[in-house]
Every structure is written in structure tokens, then in C-alpha cells.
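Let the sequences and hints guide you as you build the complete structure.
Number of protein chains: 2
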Amino acid sequence: MIDLTLLGCGGGMPTPNRYLSSLLINYKGRKILIDCGEGTQVSMKIANTGFKAIDIICITHIHGDHIIGLPGLLGTIGNSGRTEPVIIIGPHGIKEAVEGLMTIAKYLPYEVRVIESPKEDLNFIDEDIKISTLELDHSSPCIGYSFYFSRSPKFDVEKALENNVPKYLWNKLQKSNEEIIENGITYSRSLVMGEDRKGIKLSFITDTRPIETISKFIDNSDLLVSEGTYGDDLDEKKAIKNKHMTFREAATLAKSASVKTMVLTHFGTAMAEPKDFLDNATEVFENTIIGEDRMTFELKFED
Amino acid sequence: MIDLTLLGCGGGMPTPNRYLSSLLINYKGRKILIDCGEGTQVSMKIANTGFKAIDIICITHIHGDHIIGLPGLLGTIGNSGRTEPVIIIGPHGIKEAVEGLMTIAKYLPYEVRVIESPKEDLNFIDEDIKISTLELDHSSPCIGYSFYFSRSPKFDVEKALENNVPKYLWNKLQKSNEEIIENGITYSRSLVMGEDRKGIKLSFITDTRPIETISKFIDNSDLLVSEGTYGDDLDEKKAIKNKHMTFREAATLAKSASVKTMVLTHFGTAMAEPKDFLDNATEVFENTIIGEDRMTFELKFED
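From first to last, the protein sequence lines stand for chains G and U.
With UniProt numbering, letter number 113 in the first sequence gets 113, and the count goes up by one each step, no holes.
With UniProt numbering, letter number 262 in the second sequence gets 262, and the count goes up by one each step, no holes.
Please keep in mind that the hints were generated in silico from the structure rather than gathered at the bench.
Heads up, a few of these hints could be off.
One copy or any two copies: either way a pair holds, since identical chains are not told apart in the list.
Here are the computed lysine to any residue pairs in the SDA-like style, where the Cα-Cα straight-line distance is at most 25 Å [unchecked claim]: (1) Lys243 to Tyr168; (2) Lys275 to Gly184; (3) Lys106 to Glu96; (4) Lys300 to Ser117; (5) Lys172 to Met13; (6) Lys119 to Thr103; (7) Lys106 to His92; (8) Lys172 to Ser215.
Below is the structure:
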């Protein structure tokens, strides 16, 4: 099971009523934070998420509303007693930005490792988590994130018996990918394990225009967290100019990619009540949720 | 008249219930901000102070809770339409810190001028405002601030008549410091103006131990805004170790300097209710106020 906390839903600048867009992923006690604007650590405090277990911080792009909270959060993580490294992933420029921001947070009790603009999928911390990135279309280099939480197949007793695998090898084969040679016969994991089981896919897309490449990237996501800077269809021109999306554009993406559920976030400061514009999304993609600060979600593996 | 807004009263890290210690001075529509931790711009938004008129930002020291809000605020000032320069004053290291933080706020529509560790009193923006600084005793270079708002003397009709100043020169002499020579006689401003009038002195002291030099620096302040990180007298050892002050120590400073009123701020995160410790200050210095977020003060010139 994956627990998600939407720490904030605002875009542009921090406001009294809405924290800046940020998502916290909790999987087996390990935490991944996506974006960290000014005040994100306060929202974490309200949500009582803790700080010490943050292993990875994914930054979409280097605009203040997505990154200014970083030096304060890094300090607070340090104060929480963490000594293991923290990995920061971000687009082109993230190394310079982190270095700049850390001018005021120089002495941390742990190492900060920065991965700039990864060209391949990342598979670390936990081998069950694969992180993919996609270049988006914003006014500065920006990347979308997709997380795939894979699930091991079950042990299949019948298959093991059919394949004549000696019982004393079952446990060993289940727990390791290494082949075992016994009496000249090679035994591999596939001889005892069942079918692959479906994992969970989570995608996070902000800030961007709805470019073609996104659909394939977020394809079949169990949950898509997408920016919806403008609720009103009439603001499409603003969305085009400022390289953002309207609710309807985000919904069109969600539909094209057959995602299960979409949560809208990153609402513009001018939009007091995003729910007033929900219809603009649901007319296109019914399973749309208007995000709220500290809304939580549970994503469960099937069966 | 000088309007003050205590934007926050917290120290250490931003919390859900208390913004970080920061003070906004408004004098004749010009604004001076002292310290800018994470979220200061949100407190300004709540207090509806506006952003465009901020001429000077005084930073006491380069710890996150006093400076992390700077890049976000500079961006918001830019979005407010300001094109005039903004001056940032701070201790040793402020240039490097501002440069680092501005890695993520590179393109502002106005110039940022940084004054590092000023050795003399500063007298700019408005000639009536004199800014003095004092080196404090904290775990990183830290400076206290004192502001003197001077007041012009009144025009003195009797004195002008006594000094036989021709009436047609009165207005000119009142408005300028230049001498005027008429028929071989030199007329100066002092021939028509009354006694100097008392100005207003405001001091801001955080974070520091109560070192001797502070008393003279804050001497006769109309208002002293002082850190009070620890309310409980029993926390004096922590105060010594962490280079802060208890309420009682701040009150002792206020008394020794004969200030009129002291407002305590920069309360440690562990102190839920600073008012519980007010007696520890008032036993020493009666006119102590426990600061609260967005508390406002009016300082009026005498007479």
C-alpha cells in the first residue's frame, strides 16, 4: 500500500489559505517528496508526516513556488536526526540551484546527492520503486515524474512441483534471482514463481502545456496528480501564454492516457474556489478530484 | 508617526501556529523589513501590508529562520511592479548568502544592492532615518539594528522677527540648509527655526547573548523589540549554550538601557504559550509586551 499526502495545492506564490503544490509519498516507511515551495515543511508539520524518513526529494523545476522550501526542509531533516544521504532529483540547473540555496544550509549531518536531469529510469533506495522522468513544456526546464511500484509474483507450489524443483531449494529460489545448479540441473526463480502481478503507477505532472508525449508517459496511471492552474475554460489563452493547463486540458490528458483517477493541484492564486470549475474537468474525465491541502490517498495493490 | 507590524514571533523553524520573527516598519509610506524567514511574505499577505514599497530589508544573521523567505519575497516584490532598487543590509557573509539564494530568483525587474556589515551609520532613502548596527554575540555573525527617526524643528516666528530676517526669506530659509546673502547680510536656517525636537528610536535585537555593548546601543529606545527565546529562568543554561536570551535577561537589558517599552519575540518552538512566562520579564522591567503575530504598534513623535 502506498500512502499519499497532498501537502499543498497552490501555484505561483504562497498564500494564507493554501500551501504550495507538493506531494509526499510514503511506501513501506520510506518517503519521497515531490516539490518543496515556501512553507512545505509547515504543511508537513500540520500533517504530522515526520521529516527523518525523507529519502528522495523530486523537484519539477526551479521556480520559487516549487523549490524555495528546500533549504529550510533540509535543515529540519538534519534536526530530526537523519544521517543517511538525501537524494535530490531535478531538471537541468538543479545542481546550481541546490548549491546556491545551500549557501545558507551548509552544515548538514547527512550527505545531499543531486541527480540532474536523469536520462534513464532510476531504481534505487528500494528495488521495487522505479522513477521515470519526462521533459515537460514550461517557461524553464521542467520534468514530470512517474513512479512504478512493482509487486513480486507469488510463490506457485503447483508450478514448482510440475517443474520437479526439489523442496529444499524452494525458499532459496524465491528469495534470490541467482540460478542454482544441483546434480547438473539448473534451477531458476521462474520455475517456482507465478505470473507477474500488477504494480501501482503514480504520475505527477506540473508545470506544463499538455504536450503529446505526456499521454504515453502517464499511460494507465492509477493516480495522476496534475496541475490545473486555471479552472475557467476562458483562461486558456493565459494557460498558453504562461505555459500551464486549464482543468479541461488536464482532463483531456487524463482521458487520453486512460488513467484511473486524476487529482488537480497547483491552482492559480486568482482562483479562490477551484471546485467551482470542477465540471470543466468532469465533462471530459469523470474521475477528477479537486485537490485540497493535506488530502490523503491510499493506493492499494490489486487482489 | 511610525507604524510597526510584528509579522511573526517564532524562532528556530516555521511552525503552523507562529510565523518566524520579523518586523515591518512603515514610515511615510516607505517600508523597512527586518528579517525574513520562511513564510514572512505570507504573514505580510495576511496583514495586507503590500510589497511594492519595501525599500530596505535588514537581515540580522544568516540562519534559515531569518533569511530563507528572502528569494520568495524578492520575487513577489518584483511581481508587485517595483522597479526601484531594494537595499539589503546584513552581517558578514550576507553578499554570498544573497547571491546563493538568488540562484533561483535571478531575473528581478529591479536592482538588489547589498550592504555587508556596515561600519558607519546609514542615512539614506529618507534623510530623516538613521540606521545603526551593532555586532551581537551569536553562533554566527549577527547584527542588531537601531533606527532613529529624526524630526525637523518648527519654524519660530518670534525668533525670525528678533533676528530681523526679512519676511520674504522665511519660506526659503525654512526649506533649505543653504545660507542666503542679502544686502551684505548672511541669513541662515538657524535664525528662523526653533529648538531641535526629539525623534523616535526603535531597536531590534536578535539573536544574541546579553552582552554589555547592547545597553548603550539601545539606550533610551522608545521601543525595543528583543528576542526572548526562552521564557523559563531555568532555561538560562540552554540560552547560554545556544547564544540566546531568557525573558529575564532581555528585561535586564531593557531596564539598564532605560527603554520605554519592550516587545519580546523569537520564541523557541518548545514554548507553546510565552505569556506563561511574562512575570519573569515584568519582575525586572514592567513595560514588557509578549509579541504576537501581526501585532501592530504606533510610535508617535512627542508634543
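Hint check results:
In this assembly of identical chains, Lys243 and Tyr168 lie within 25 Å of each other by CA distance neither inside one copy nor across copies; the values are 60 Å within and 64 Å between. In the homo-oligomer, the alpha carbons of Lys275 and Gly184 never lie at most 25 Å apart, since the shortest distance is 67 Å inside one protomer and 80 Å across protomers. Taking the closest pair of Cα atoms, Lys106 and Glu96 come within 25 Å of each other both inside a single copy (14 Å) and across two copies (12 Å). For a Cα distance limit of 25 Å, the shortest separation of Lys300 from Ser117 qualifies neither inside one copy, at 30 Å, nor across copies, at 56 Å.
Proximity of Lys172 and Met13 under a CA criterion of 25 Å is satisfied in neither setting, with 54 Å inside one chain copy and 49 Å between copies. For the identical chains of this complex, Lys119 and Thr103 are inter-copy neighbours only, at 24 Å across copies versus 28 Å inside a copy, given an alpha-carbon limit of 25 Å. For the identical chains of this complex, Lys106 and His92 are neighbours both inside a copy (22 Å) and across copies (16 Å), given an alpha-carbon limit of 25 Å. Proximity of Lys172 and Ser215 under a CA criterion of 25 Å is satisfied in neither setting, with 41 Å inside one chain copy and 74 Å between copies.
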